[in-house]
Structure formats: structure tokens, C-alpha cells
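So the sequences go chain by chain: F and R. FYI, the numbering for the first sequence is 1 to 123, going by the UniProt record's numbering. FYI, the numbering for the second sequence is 1 to 223, going by the UniProt record's numbering.
Because the hints were derived from the structure by calculation, they are not lab data. Please read these numbers as outputs of a predicted model, since none were measured by experiment. Nothing false has been slipped in among the hints.
Using C-beta positions, here's what the derived DEER-type ranges look like: (1) R/E178 with F/L109: 33 to 41 Å; (2) F/L75 with R/R112: 23 to 31 Å; (3) F/E94 with R/D217: 40 to 48 Å; (4) F/P48 with R/Q37: 24 to 32 Å.
A short list of chain R residues far from chain F (calculated; beta carbon distances all over 12 Å): (5) I2; (6) A12; (7) E33; (8) E130; (9) G193; (10) R203; (11) L218.
Note that CB positions come from ideal geometry on N, CA and C, so glycine has one too.
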Amino acid sequence: MVRLITHNLLACHVKGCNTNNFPLEFRDVQIELREAEFNPEFLKGFMPKIEWKALVDAARQLGDTSLPLEQPEMLDDDFLKNLHHVLLEIHVEEGIMTCPNCKHDYPVLNGIPNMLLAEHEIG
Amino acid sequence: MIPTPDLSHLTADDYDCVYEPAEDTFLLLDALEADEQELKQLRPRITLEIGSGSGCVSAFIAKILGPSVLYLCTDINPHACRCTLSTGVQNKVALDPINVTFAAPLSLRLKRSVDVILFNPPYVPTIPDEASGAQDARGIAGAWAGGVDGMNVTDVFLERVEDLMSDRGRFYLVAIAENDVPGIQERMLRLHGLQSDIILSRRAGREHLFVLRFVRDLSRVCS
Ligand SMILES: C[S@@+](CC[C@H](N)C(=O)[O-])C[C@H]1O[C@@H](n2cnc3c(N)ncnc32)[C@H](O)[C@@H]1O
Ligand SMILES: [Zn+2]
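With the rest of the complex left out, here is chain R (with noise of 0.2 Å):
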């Protein structure tokens, strides 16, 4: 068992600004806890999650992989990569936050370089105008509105997630039923070459949360 990371030095103060661990959070733990083997097998080098948040996600999968990695984490919202910062030293890992917007000032430099790729999007539906609100405005509404299906924030980086990605690397990607599980497949499929399976899902309340993992199509890498 790898131990939740500890939050203990985030106040109330932090989560009126910042995303709360939440159950999506704890199923995507689950899922790279079920994967512990193979992400280990898959010996790293470079990881890095869009939205980190709190940095719980990134804090725990430096746990599972060790020191030997980088843990590059991004987020709009600059609160949350101060969490982020300060959750990797309550933890004892090395995590580096970076303020933006999904990779955009790494795509240059991380083509095809990205080991562990991880997203816990935005993805509740909203009106757009929600979401692109939230998205300008850089705070807590930035965690959940997700605009049309959920998917307006998610959409922009699954676009661009297979030029991060190594030969071998592997992205995981919370998601709910409204946002059309079977229909994000297909696309990464077909417009990517991406392929996925749903690893892991729960009923939360209200939500059906998916994990899905994607890797390259192996039969188009070699053919």
C-alpha cells in the first residue's frame, strides 16, 4: 500500500483557492496504484501532470517511482502550483510547478520525451461561457467547469498529448460518463493513433468517474 500523501500543511485558506482532493483524485491514485508494476518496469525519466492542483497526484506518484525521476506539474492557477510546490517538500519529493496553461512553454523541448503523462481535468458540463470564464479568471472554478459536455478544457490537450508522449509512454486521463467516454476513444484512436482502456471506475454521488489510459497504437508504431 502507498500511503495517501500528506496534505496536512494545506489549510481551508488554500482549498477556498485550490482543488480539494476529491474522490476523482482517489480513484486516479487507485489507478496508478493498480499500475505500480509496470509505470515502475517502465523506469521513467520524465512525468508530468496538467493540473496539479493540491500536488497530491504527482506527490504520490513520486512515491511509486522514486527519485530518479523529474516531476514536472502544471497549473493556470498560480495558488495551486504554490500547493503543489509546497506539498512535493512536505513530502520529501521534488516536484516543479510551472504556471500555464496544459505544456505550452514544454512542447518544444519534451516532443516525444514524456514518460507519464496525467490529467484530472476540468471535465463538469457547464455553458461555455463558464468555462472560458474560469479558464481567464485562474481560480477555483478553473477545477471543475468544463464547459460544453465537460470537455472544452480536456479537448484543447487531447489534441496535443500525443507529441508529448515517448515511444513507450502512457497517459492517464480522469474522466465522467457525460463526457463521452467511448467517444474520447474513439477520437484519440482515429485522429492520434492513441489507444485506451478504461482501468478503473466508481460511482461518486452524482459523477461516474472514469480513468482511462492511452498508449501508441502498437500496430501503427511499427508498421
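Bound conformation, chain F alone (with noise of 0.2 Å):
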């Protein structure tokens, strides 16, 4: 399952590719919603981690709307709650994520990001 979360921490590490290398690009997706238990502690912890801009490009490419362009400062349950939906509960099964730098495909397969490289492109 690449969920939002994961996808917000992924950067492309191609041999020599080091600038602009974040937030990867999806593309051809196909997303499952799975329900998780809502849990305010959890997303209230983890908002500073949080690139939030590539959160919410990332939430547009999958259709998702629901998140502000600016990170608010008041965290009121409307909004934790979609956040906790983008964060959370989108999977994206199968697709394709690129590199907005270098281009290089990542590819998810059965949920899983494959982000293996072969050894010419490994840093």
C-alpha cells in the first residue's frame, strides 16, 4: 500500500540526481479506499514531518481536493479528518511514479513501490 504518508517521504535517488528530486510524480494509478481508524494524536504528530505542498499535489493527482494550499494553524476535526483520509486511507495499488528531475519510473506493484535501481544508477 504506497499511501500519502509514504509518498510524501520518497525522493528519487538516481546516482547524481539530487535537486528537485521530490515530490515523485504519479501517473496511470489505480487507488483503492481502505478505512483506518481516525487517531487526531497520530496526525497532530506527524503534521511538522510533512512536506505539505507535495501532500496536497500529490492528493490533486489522485482526485483528492480536499486539502487547503496553505497548512492551517487552527487543526480542527473537519480538517484532521481529511487529512486523515489523504494521509491514510488512499492507496495507490498499481501506477507509476516519476522523477520530476532525472524522469526515472518507480513502479507500484500490488501496493508496494518498487524503488530499486540497477547498479549503473545507484549513488
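Using the hints, build the complex out of the two chains.
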């Protein structure tokens, strides 16, 4: 399950690709929605780790527009519920994640991101 | 007592290509269980297991720490990643496997951010070619083939682990006597400022197994 919480932490690691190598762009995705238990503590604790724009953009690529463009200061319940859904309930099952810089394609297979590189691509 | 994770969904076919939990795995579980209170007090946000194999260890720590943590797992073996995912489902914990070597694509975003790192590496001494061949093949031999002193694979990660650890982060590593445990400890302190303790050891057949726990050397963090 590539959830957006994981996607928000993945950067391209091709040798020499170290600027503009995050976030990876989704294409040709199949998504599944799976309910997860709402856990406001977890979300609040995780907020500081999130790259907000990357999260909003990724959610929009997957058709979810519930998050505001700016990270809000007030974390009310409505907002946290949307955040919960975007981070933890949208699962990318199949698809491709492309590096915005070097255009390397990383496939997602059976919900698992394949980030392996060939020997000559490893930094 | 924290129950050992339910692995009844994994079959003999799975264990043809994925490491079946063994004495080394169970020693690591015992070490984590002994640290249960400390681990809870740490209130981790992110744990990362390198080489999660069946997913047994991450499922176990997820039982200790509960749902307020992100459990990232990596493995070079794609079948191991599938087993990790299904072990999460079977044990009702969310494990997020990534098919990759070490933590390569995470290092940019997880700089000094991971609270608990776990690695039960391929630690068996072999000729170097056997270890590099096993790494390339991404199959079952990659679970044990460790090259010179059994350290060729582990050493690569030891170079990078400090950069991932949060200020209060801790890193648990399984090793055997042939790996030269005192040498590992000395190098990690000298080169990376990580101080360590042997928190558990046990003889299992021919193997003398250890679990090491590394933390930042506080005298250096404060100075
Ligand atoms: C000894 S097994 C441990 C499996 C499981 N964690 C356990 O304790 O039962 C080592 C695992 O590390 C994986 N591995 C080997 N080299 C790796 C690397 N460079 N990056 C990530 N995983 C690796 C192997 O595929 C295998 O699943
Ligand atoms: Zn790239």
C-alpha cells in the first residue's frame, strides 16, 4: 500500500539526481480506498514532518481536493478528518511514480513501491 | 508478554524465497520486549526496519507501540515486501514496505527523523562475491550472505544510519561473534558518535548472537 504518508517521504535516489528530486509524480494509478481508524494524536504528531505542498499536489493528482493549499494553523476536526483520509486511506495499488528531475520511473506493484535501481544508477 | 506475531498466512513456498523467522529474529523480539517501557516513553513517530523479510519484527514492535506510529519497512527482496505487507494485515497493524536497498529514497526526507531503526542483517561470513551476488539476485541468499566477516552488507548501512536517527533515536542491530562486535562498537563511536550496549546475547547452535543498541553519545550532543 503506497499511502500518501509514505509517498511524502520518498525521493528519487538515482546517482547524481539530487535537486528537484521530490516529490515523485503519480501517473496511470489505480487507487483503493480503505478505511482506517481516525487517530488525531497521530496526525498532529506527524504534521511537522509533512511537506505540505507535496501532499496537496499528490492528493490532487489522485483526484482529492479536500486539503487547503496552505497548511492551516487551527487543526479542527473537519480538517483532521480530511487529512486522515488523504494520508492514510487512499492506497495506490498500481501505477508509476516519476522523478520530476531525471524522469526515472518507479513502478508501484501490488501496492508496493519498487524503488530498486540498476547497479549503474546507484549513488 | 507480547505475543509473537501471527505468521500462519505464510507458507512453505513463501519461505523458499523469504527468510523464515529464526533464533536471530526471536532474539531481536526479546530485546525489544525487554525495552518495552523505554520504547513507549520515547513516543516514537516513525520506526524503520531494514530487511523486514517476513515482517515479523515490525509487526511485533507495532504491537508494542500501537497505531500512533508510522512503520516503514524496506527489503531488497520483492517477495519479502509482499510478506511484510500481508503480515501487517494478518496482525491488524499497518506496515508500509518499500522494495529497495537500505533506506536510499528515504534519506532526504528522514534526515534525523527516525526514532527507532531495526536491522537484522545478512551477517553470515561468505566470500565477497557470494554476498554481492546475493544482493543482486534479491532472493533468499540475500537474507544471510554477508561477505567478509559477514559485514559487507551491514557496513554499508552503518555508514548511513546516524544520519537517519532522531536526537533521541535508537538503532537495534543483530550481529554474531564473527562480525567482531567490539570492533563495530568502537567504529560507530569513533566515526559516527554513536554509543552502544550489548543488550542481549545468546548461543544458538553454532552462532553466538548479539543485539546491539546504539544511541547518540549524549556528551557530544550537548557539547
Ligand atoms: C536475516 S534476514 C531478517 C529478516 C527479518 N527481519 C527477521 O528478523 O526475520 C535479512 C533480511 O534483509 C534483507 N536484505 C538483505 N540485504 C538488504 C539490503 N541491502 N537492503 C534491504 N534489505 C536487505 C534480506 O532480503 C532479508 O529479508
Ligand atoms: Zn531523479
